[in-house]
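On the provided structure of chain A, position chain B with the ligand as indicated by the hints.
Here are the chains, one letter per residue:
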Amino acid sequence: MSERKIRYFDNNATTPVAPEVVEAMLPFYTELWGNPSSAYGFGHQVAGHIEAARAKVAALIGAEPREVVFTSCGTESNNTAIHSALMAQPDKRHVVSTMVEHSANLKYCEFLRQRGFEVTYLPVDGGGALDLGRLEAALRPDTALVSVMLANNETGVLFPVAEVAAICRRKGVLCHTDAVQAAGKIPVDVRQLGVDLLSLSAHKLHAPKGIGLLYVKRRTRFQPYLMGGHQEKGRRGGTENVAYMVGFGRAAELALERLAESSRRIGALRDRLEETLLAAVPDTVRNGAKEPRLPNTSSLAFDFVEAEAVLMLLDQLGICASSGSACTTGSLDPSHVLQAMGLSPMRARGSLRFSLGSTTTEEDVDYLLAHLPGIIRRLRAISPLCAAHPDNDRYDVAAARARQAKELTSLANG
Amino acid sequence: MSDIYTLYNETVMDHFMNPRNLGDLADADGVGEVGAAACGDIMKISLKIKDGRIEDARFKTFGCGSAIASSSMATELIKGRSVQEALHFSNQDVIQALGGLPPVKIHCSVLAEEAIKAALDDYLKRHPAPAAPAAQPT
Ligand SMILES: Cc1ncc(COP(=O)(O)O)c(C=O)c1O
Chain A
197 MSERKIRYFD
207 NNATTPVAPE
217 VVEAMLPFYT
227 ELWGNPSSAY
237 GFGHQVAGHI
247 EAARAKVAAL
257 IGAEPREVVF
267 TSCGTESNNT
277 AIHSALMAQP
287 DKRHVVSTMV
297 EHSANLKYCE
307 FLRQRGFEVT
317 YLPVDGGGAL
327 DLGRLEAALR
337 PDTALVSVML
347 ANNETGVLFP
357 VAEVAAICRR
367 KGVLCHTDAV
377 QAAGKIPVDV
387 RQLGVDLLSL
397 SAHKLHAPKG
407 IGLLYVKRRT
417 RFQPYLMGGH
427 QEKGRRGGTE
437 NVAYMVGFGR
447 AAELALERLA
457 ESSRRIGALR
467 DRLEETLLAA
477 VPDTVRNGAK
487 EPRLPNTSSL
497 AFDFVEAEAV
507 LMLLDQLGIC
517 ASSGSACTTG
527 SLDPSHVLQA
537 MGLSPMRARG
547 SLRFSLGSTT
557 TEEDVDYLLA
567 HLPGIIRRLR
577 AISPLCAAHP
587 DNDRYDVAAA
597 RARQAKELTS
607 LANG
Chain B
410 MSDIYTLYNE
420 TVMDHFMNPR
430 NLGDLADADG
440 VGEVGAAACG
450 DIMKISLKIK
460 DGRIEDARFK
470 TFGCGSAIAS
480 SSMATELIKG
490 RSVQEALHFS
500 NQDVIQALGG
510 LPPVKIHCSV
520 LAEEAIKAAL
530 DDYLKRHPAP
540 AAPAAQPT
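Residue numbers (the numbering used here), protein chains in the order written: chain A, 197 to 610; chain B, 410 to 547.
Honestly, the hints are just simulated from the structure, not real lab data. Treat the hints loosely; a few may be bogus.
Claimed, not checked - Taking beta-carbon pairs under 7 angstroms as the criterion, some of the chain B residues facing chain A (in silico):
hint: 1; residue: Glu442
hint: 2; residue: Gly444
hint: 3; residue: Cys448
hint: 4; residue: Thr470
Said to hold, decoys possible - Heads up, incomplete: computed chain B residues facing chain A, CB under 7 angstroms, no partners named:
hint: 5; residue: Ala446
hint: 6; residue: Ala447
hint: 7; residue: Phe471
hint: 8; residue: Cys473
hint: 9; residue: Gly474
Note that CB positions come from ideal geometry on N, CA and C, so glycine has one too.
Same shape as in the complex, but just chain A:
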C-alpha cells in the first residue's frame, strides 16, 4: 500500500468505521462472544446488548425497538421488504417502484417479473423528480407494495416519501422506502414518513459493512426472507452478528447526536465544491435538482470527457470519487439513474459523483478544486467532442453493441 494521503469523496459508497464504533464492538469478540440464544448466562447476557443496540438504531429513525429487524445489509432489507409484501398478500401480484432505485431493489424486481409478477417502474423528470399523479394512477387493486427510495445514491435527490406513503395509505397499499443514503445525512422519522417498511445499511454511517435493518411497522403482516432459528422474533433466521449490531447501535447514536451539526458543515463544503466547479469549468452541469437533495452529494456532468478517465487521473492524486454508483463500475452501460433523467449518453458518460462525509475537510475540497479543472481541460484536449459536435451520430450503435456482446460471450466461454 502506498503512504500517500487519500482524499475521500465517495461516502455514498461507504464510510470509514468510527473509532467509537470499533471500541464498542471489540468486547463482543474478546469476552462477550457467546450465543445470545443460549440457556446459560454466559451466552444469554449478550442478548441484552442486542436489545440496547436495537433501541439505539430505532431511535435514529423514530421507531419502536420491536419494529426493527436486523439484517445483513441494505440489499437484504430491500429484498426482504419486497418479498414479504408479496408473500404475505398472495392475492396481490403487482409492485410499483421507480426507474432510479438501487440495484438492490431493481434486480429483485426483475427476478420477480421473470417469475410472473408485475412491476411498474415509474419514470422521473430531468431533475430526478417523481410525478405523484402518475404514481397514484399506477396503483391497482392487486398492488402489494410501493417501493420508493428516500434519497438517490447517485444524485442525492430526495423523493417526497411522506406524500407517497399518504397516497398508499389511502389506497390500502403497503409502502416501503430505501432510506440507506438518507440516514445520518438528513432526519429520518418513520412516523413522519408514514411508511410501513424502511431499509437502512450501517456502513453508510460509520459502522461496518455487512449489517443493516428493516423497519417493519407494528401490525404489518410479515413473511421472513431468511427462515431458520427464532432470532429477531422469528422475522430473520441466523445467529445474530452481535458485534455488528452493537457497532450499528453506537454508530446510530453518534449519527443522531451529530446530525444537525455535521449536515450543516458538510452541506457548506458540498456547496462550495459544486458552485466553484460549475463556475470554473465551462460546459459543466449539475445532475438533478438543487433541492430537495442530500447535503453531502454532488453529481456533475463534465461534457466531452469520459468519467473513468477522469477518475483514473484523480486516483493518481489520491482523490477517490465515483462515476454513477460504485456497484456498477465495470459495467459497460452508463448509469441507469442518469439515463432515466434523460441525460444524453455523452453527458451520462461524463458524470462524476462527489459524496462528502464527516471526514471531509476544507483542505480536501481545496485540493480537489486545485486539480480537477486542469484534469478536465487535459481530457478535453484529447477529446474529439465539443459543443458543435457532442457525439458521433454517424456510428451504427446497434451493430457495435451486438459485436461487443458477441466478444464478451466468447471471452466468457473461452
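Leaving out everything else, chain B with the ligand in the frame of chain A:
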C-alpha cells in the same frame, strides 16, 4: 505508478498519461471517426499519406484510459506503414504492443482498428486511383 489501477499495466498507463500523436491534422488526407457515446468511446484518427505511405497519424479520443492508450498506440504503430499494410492492421497489434488489455477493455483496441480503417476508407474515397504500386519494390 498507481497501485490501485492494477487493471492497467505500465505501458497502458504510460500511453494514457502521455498520449503520443495527439490532435488533428489540418491537411489530413484521410479522417475516420468511429464509436459513439452510447457505446462508451469515440475515436477519431487523421492520416497524412504520401506516395501510398502513412507519413503522419493523429488521434482524438473520448473514452476511458484504455481507449486513449489504444488510440495512442495505434497511431504509433501505423506511422510509416504503407496503405496496403495498414489495411490489414488488426486490434491484436494494439493489444500486443500494449502488453495486454483487461478483457472488458478489448473493445477499445477493436475501435482503434475500426478508426484506422475508417480513415483509410476516407483516404481511398478521396483518392480513387489507388496507390497500390507504391508497395512494390524490394
Ligand atoms: C440506495 C441504496 N440502497 C441499497 C444499498 C445497498 O446496501 P448494502 O451495500 O448494505 O447492501 C445501497 C448501497 O450500496 C444504496 O446506496
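Here is what the structure says about each hint:
1. Glu442: With a minimum Cβ separation of about 5 angstroms from chain A (threshold 7 angstroms), the hint on glutamate 442 of chain B holds.
2. Gly444: Holds, because the Cβ-Cβ distance from glycine 444 of chain B to chain A comes to roughly 6 angstroms (cut-off 7 angstroms).
3. Cys448: holds (5 angstroms)
4. Thr470: holds (6 angstroms)
5. Ala446: holds (4 angstroms)
6. Ala447: At 4 angstroms from the nearest chain A Cβ, alanine 447 of chain B passes the 7 angstroms test, so the hint holds.
7. Phe471: holds (5 angstroms)
8. Cys473: holds (4 angstroms)
9. Gly474: holds (5 angstroms)
When each numbered hint is compared with the structure, no violation occurs for any of them.
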